[in-house]
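S.K.: Protein chains in written order, with my numbering: chain C, 125 to 209; chain L, 125 to 209.
Just so you know, these hints were derived from the structure itself, not from any lab.
Each residue gets a CB set at the ideal place from its N, CA and C atoms; glycine is no exception.
A couple of the hints might just be wrong.
The list that follows gives simulated cross-link-like pairs (lysine-lysine, BS3-like), each with its CA atoms no further than 25 Å apart [as the list claims (entries may be wrong)]: (1) L/LYS150 to C/LYS150; (2) L/LYS205 to C/LYS150; (3) L/LYS205 to L/LYS150; (4) C/LYS205 to L/LYS150; (5) L/LYS205 to C/LYS205; (6) C/LYS150 to C/LYS205.
A partial selection of chain C residues facing chain L, derived with a Cβ cut-off under 7 Å [as the list claims (entries may be wrong)]: (7) GLY133; (8) VAL135; (9) ALA136; (10) LEU139; (11) THR140; (12) LYS150; (13) THR157; (14) ARG158; (15) ALA159; (16) TRP163; (17) MET164; (18) PHE168; (19) VAL174.
Number of protein chains: 2
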Amino acid sequence: MEINLNLLGYVATTLTTCAFVPQAVKTICSRDTRAISLWMYVTFVVGNAVWFFYGIALGSWPIILSNTITFILAATILSLKVRHG
Amino acid sequence: MEINLNLLGYVATTLTTCAFVPQAVKTICSRDTRAISLWMYVTFVVGNAVWFFYGIALGSWPIILSNTITFILAATILSLKVRHG
Numbered sequence: 125m126e127i128n129l130n131l132l133g134y135v136a137t138t139l140t141t142c143a144f145v146p147q148a149v150k151t152i153c154s155r156d157t158r159a160i161s162l163w164m165y166v167t168f169v170v171g172n173a174v175w176f177f178y179g180i181a182l183g184s185w186p187i188i189l190s191n192t193i194t195f196i197l198a199a200t201i202l203s204l205k206v207r208h209g
Numbered sequence: 125m126e127i128n129l130n131l132l133g134y135v136a137t138t139l140t141t142c143a144f145v146p147q148a149v150k151t152i153c154s155r156d157t158r159a160i161s162l163w164m165y166v167t168f169v170v171g172n173a174v175w176f177f178y179g180i181a182l183g184s185w186p187i188i189l190s191n192t193i194t195f196i197l198a199a200t201i202l203s204l205k206v207r208h209g
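This is chain C alone, in the form it adopts within the complex:
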């Protein structure tokens, strides 16, 4: 069985990128951030930024696009956490 590696990579990228959509929606709607870890999202947002520059340096559109989307979602959750505690 020949695995289409590109397809597998795009499916994995789409899942781990879109995963942050339900959390962003839930947090925007509920404003409840108590159970969310501030340090998770600080670390994750910084990590996304590094992945973004890695994608730029590599000239890889999938890495640039997925990390731009995840950065925006994670930064939204982080800003709500900072504001609502």
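Go by the hints and put chain L onto chain C.
M.R.: Then chain L, alone, in the frame of chain C:
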């Protein structure tokens, strides 16, 4: 300025993998999962599993290792979310 791409990749991987440690610790200690999105962690755990198989197919140890760690952390948070609602 010559950017060490490998180093950039390892830094990004370490940050986005370790980001889940503070959330796992906070959730294990507090048992408070109300603000955490169930669908985020269901999607993320599935995405991690796909990344893991992608790493196996590619024979890439960094992808295998980082996604094994993130899978364990995210699955821990998911199980607590399922148990505590």
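S.K.: Give a verdict on every hint.
M.R.: Verification of the hints:
| no. | hint | result |
| --- | --- | --- |
| 1 | L/LYS150 to C/LYS150 | 19 Å, holds |
| 2 | L/LYS205 to C/LYS150 | 14 Å, holds |
| 3 | L/LYS205 to L/LYS150 | 12 Å, holds |
| 4 | C/LYS205 to L/LYS150 | 14 Å, holds |
| 5 | L/LYS205 to C/LYS205 | 19 Å, holds |
| 6 | C/LYS150 to C/LYS205 | 12 Å, holds |
| 7 | GLY133 | 6 Å, holds |
| 8 | VAL135 | 5 Å, holds |
| 9 | ALA136 | 4 Å, holds |
| 10 | LEU139 | 3 Å, holds |
| 11 | THR140 | 4 Å, holds |
| 12 | LYS150 | 5 Å, holds |
| 13 | THR157 | 6 Å, holds |
| 14 | ARG158 | 6 Å, holds |
| 15 | ALA159 | 4 Å, holds |
| 16 | TRP163 | 4 Å, holds |
| 17 | MET164 | 4 Å, holds |
| 18 | PHE168 | 4 Å, holds |
| 19 | VAL174 | 4 Å, holds |
No hint from the list above goes unmet by this structure.
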